[in-house]
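Asker: Residues per chain, in single letters:
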Amino acid sequence: MKKNKLTFWAFVGPCLLAFIIVVIIPLIFGVYYSFTDWNGINADLTYVGISNYLELFSDKHFVNSFIFTTKFTIVSVILINVTGFSLALLVTRGLKMSNLLRTIFFMPNLIGGLILGFIWQFIFINAFASLGEYTGQMWLMGWLSTTKTSFWGLLILMTWQLSGYVMVIYIAAIQGIPKELLEAAQIDGANTWQRVKSIMLPLVRPAFTISLFLTLSNSFKLYDQNLSLTGGAPARSSEMLAMNIYNTAFSFMKFGEAQAKAVIFLIIVGIFTLSQVYISKKGEVEM
Amino acid sequence: MKTKYLLVMSLVFVFSLSMLVSAVEVDIFQFKVETKDVLEKAAELYMEKNPDVRLNIQTVGGGDDYGAALRSRFASGNEPVIFNVGGPQDIDDWMDYLEDLSSEPWVDLAYKGVLDGVTVDGKIYGLPFNQEGYGFIYNKTIFQEAGIDPEVITSYDALVAALDKLEDQKGKLGLKAPIAFPAKEKWVTGLHLSNVAFSQEFGDVLTAYKADEVEFTYGEELKLLVDLQADYGYKPAGTKASLNAVDYSTQVDELFSLGQVAVIQQGNWVYASIASMDEELAVNIGILPLPLKGVVEDSIPVGVPMYWAVNKNRKAAEKEAAKDFLNWLYTSDKGKEMIINEFKFIPALSGYEGLKPSDPLAEDILEYSEAEKTISWVFMGYPSGWGEQILGANLQAYLAGDISWNELEENCKEEWSDVRK
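In the order they appear, the protein sequences are chains A and B. Quick note on numbering: UniProt numbering labels position 134 of the first sequence as 134, and the sequence is numbered without any gaps. Quick note on numbering: UniProt numbering labels position 137 of the second sequence as 137, and the sequence is numbered without any gaps.
Some clues are possibly wrong.
Unchecked claim - A short, non-exhaustive set of chain A residues, derived as facing chain B with CB atoms under 10 angstroms: (1) GLY40; (2) ASP44; (3) TYR47; (4) HIS61; (5) ASN126; (6) LEU140; (7) TRP143; (8) THR248; (9) PHE252; (10) PHE255.
As the list claims (entries may be wrong) - Straight-line alpha carbon distances no greater than 30 angstroms define the calculated DSSO-like cross-link-like pairs of lysine-lysine that follow: (11) LYS176(B) / LYS148(A); (12) LYS49(B) / LYS315(B); (13) LYS60(A) / LYS210(B); (14) LYS413(B) / LYS60(A); (15) LYS71(A) / LYS240(B); (16) LYS240(B) / LYS140(B); (17) LYS421(B) / LYS60(A).
In short, the hints are calculated from the structure, not lab data. Heads up, the beta-carbon is just placed ideally off N, CA and C, and yes, glycines get one too.
All chains, please: the whole structure from these sequences, using the hints.
Answerer: Written as structure tokens, this is what we have:
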């Protein structure tokens with residue numbers, strides 16, 4: 001028993017220590033700073049109570065980026081998962097090119113978010129414009145210059161990047177479905193759609209839980225793609241929450257207020273993701 | 001044989017150890033990426049002459065990123081000896097760390113006004129990097145082909161006439177538009193362009209920094225300059241909203257360098273990138289004034305982008321070495337020669353007579369300076385983030401047609417007084 005305890009702490013200890021140093025302690029400091037008027041340099045802080053938190057509600061940019069982020073998250077979670085699941089269905093059908101396709105679909109995920117943002121910025125601004133000029137399609141011109149095109153630009157980028165990743169999760173889940181079940185259904189006369197709907201979808205539920213969680217938290221916390229693709233343009237209308245917090249700290253030099261925003265942000269992300277996991281867990285079926 | 005070898009090695013070891021111990025380490029944390037290599041070269045030269053000093057240079061790119069990186073350097077306890085500050089706001093923020101440089105030899109050499117932003121209660125806390133200027137950079141060859149004499153463009157109306165001429169001959173000259181207006185770059189619009197109006201409203205950077213409110217005294221005139229660049233600007237989708245998609249590299253590296261537009265609002269820092277695209281074009285460019293109609297029409301804004309500062313809390317020996325290096329760089333003969341020919345700086349100090357800047361934009365700026373046709377930079381005195389994130393962002397909304405000019409002024413006034421209240 002004693003030895004067991006020792007092994008337990010030997011394995012957990014280092015991780016726990018690292019976790020406390022890089023997550024818990026900064027978190028406590030962060031909460032502390034959110035009640036001060038810190039400017040990021042001085043050690044002499046003034047305690048300002050909850051005024052930083054009250055400030056948030058009158059900050060219309062913060063409210064706007066909250067709305068933008070929420071809208072973005074809803075659409076991107078749906079788009080990424082639908083695309084990822086469809087790709088998974090496509091590459092598990094036993095096609096000759098399956099392995100090649102899997103690699104290709106997964107590839108965007110290997111490129112860093114910042115670089116992807118710049119690549120897509122080039123595509124949206126230059127390639128789209130040249131294409132538009134050539135074909136006379138005016139809707140291809142001036143991408144990322146309006147809120148709408150920025151919104152869809154970000155969505156296209158994120159879907160392109162993340163659907164390959166969730167595809168891998170779905171592939172694993174689909175391959176875990178016993179062949180007999182599908183065959184039996186086929187013999188009973190179920191068509192492809194019926195098999196997907198009544199057998200595959202319920203059985204890959206656990207994969208949905210994890211993919212939804214990943215895409216939800218990823219989309220909500222998005223920063224690097226947002227920075228490199230739109231930078232919040234035009235007129236800060238595509239500025240997502242993480243970026244709004246960064247700007248509050250490093251452009252407006254209001255570190256206390258930025259910390260308050262970060263605390264609220266943490267709570268919101270927590271509520272969103274935990275309730276999602278709770279809800280989707282409830283519907284999972286065990287075999 | 002072997003003992004001899006060992007003896008030599010240990011001597012070398014002891015010698016290098018003593019070098020390390022006696023050397024004064026000076027960490028330099030600076031923002032100017034463009035001159036990183038030359039600065040390192042200058043540091044090498046200085047270390048050859050002063051073997052007891054070791055200069056370690058670290059560079060982090062401009063804008064917000066430098067401020068963020070500098071803060072984390074200080075927060076981590078690894079404080080640099082030499083660092084950069086931008087203007088009154090930085091001076092205020094970093095006051096606890098700034099060494100008083102008032103008794104340095106270069107102070108008396110500084111041109112009038114260049115130290116205003118770093119002077120508090122008569123004490124001077126920063127050495128100006130250099131001077132930079134901006135205005136409407138134009139393509140001389142295109143102007144000649146269009147039959148426009150740049151000499152006469154010393155007023156708003158003359159500029160409009162010239163742009164009209166370019167617009168009319170667009171096809172013949174192979175232009176997409178007369179101007180490229182990068183509304184995506186909020187520093188070009190919110191800081192540089194707006195400076196033309198606010199330098200007249202406030203007069204100098206310290207007044208701007210202390211102002212509780214902004215009046216937009218010359219708001220109408222500023223609107224004229226925005227509309228002018230928007231009307232004659234290259235619009236990717238034909239709408240004014242699409243100006244928000246034009247960025248710096250589209251403006252400078254693409255449209256202007258390829259001769260697809262004839263005029264851009266930029267400064268002497270673009271010379272290197274134009275020269276790397278087209279050397280012949282790079283020698284055939286000049287700067288036209290940035291005219292604020294009816295107020296000041298024949299001048300360009302010239303100012304100091306950043307200052308060198310010395311960290312007060314470091315050891316005396318380190319501070320001495322730091323000051324000596326800065327002095328050497330800006331006042332010794334070798335240093336001066338490097339400042340002009342390799343850094344390609346326009347000096348903010350006198351005493352550089354006989355050394356001529358090598359690029360046409362720097363030459364033009366010097367000419368404006370000598371004729372005293374310059375206006376000051378006040379954007380360092382705006383509230384933090386106001387110029388780009390408030391005014392620049394509102395200008396994008398104005399161009400997109402989401403808000404009117406009046407709403408823009410109201411929004412910006414409100415945010416300014418919110419911060420300064």
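Asker: Mind checking the CB of GLY40(A) against every CB in chain B and telling me if the closest is under 10 angstroms?
Answerer: Hint on GLY40(A): holds, closest Cβ of chain B at ~5 angstroms, below 10 angstroms.
Asker: Straight-line Cα separation of LYS240(B) and LYS140(B) no greater than 30 angstroms?
Answerer: holds, 27 angstroms
Asker: Holds or violated: the hint that ASN126(A) contacts chain B, with Cβ atoms closer than 10 angstroms.
Answerer: holds, 8 angstroms
Asker: Verify the proposed pairing of LYS421(B) with LYS60(A), using a straight-line Cα cut of 30 angstroms.
Answerer: holds, 19 angstroms
Asker: With a cut-off of 10 angstroms, does the beta carbon of PHE252(A) approach a beta carbon of chain B closely enough for the hint to hold?
Answerer: holds, 4 angstroms
Asker: Please check whether PHE255(A) passes as an interface residue: C-beta within 10 angstroms of a C-beta belonging to chain B.
Answerer: Nearest chain B Cβ about 9 angstroms off; hint holds.
Asker: Keeping to a limit of 30 angstroms between CA atoms, is the pair of LYS71(A) and LYS240(B) held or broken?
Answerer: Holds - the C-alpha atoms of LYS240(B) and LYS71(A) are around 26 angstroms apart, at most 30 angstroms.
Asker: Do the alpha carbons of LYS60(A) and LYS210(B) lie within 30 angstroms of each other, as the hint requires?
Answerer: This hinted pair holds, its Cα atoms lying about 26 angstroms apart.
Asker: Holds or violated: is the Cβ of TYR47(A) closer than 10 angstroms to a Cβ in chain B?
Answerer: violated, 20 angstroms
Asker: Tell me if the interface restraint on HIS61(A) is satisfied: Cβ within less than 10 angstroms of some Cβ in chain B.
Answerer: Holds - the Cβ of HIS61(A) comes within 10 angstroms of chain B, reaching about 8 angstroms at its closest.
Asker: When you check the alpha-carbon spacing of LYS413(B) and LYS60(A), does it fall within 30 angstroms?
Answerer: holds, 16 angstroms
Asker: Let me know if the C-beta of TRP143(A) comes in closer than 10 angstroms to any C-beta of chain B, holds or violated.
Answerer: holds, 7 angstroms
In this structure, only the earlier hint numbered 3 is contradicted, and the remaining ones agree with it.
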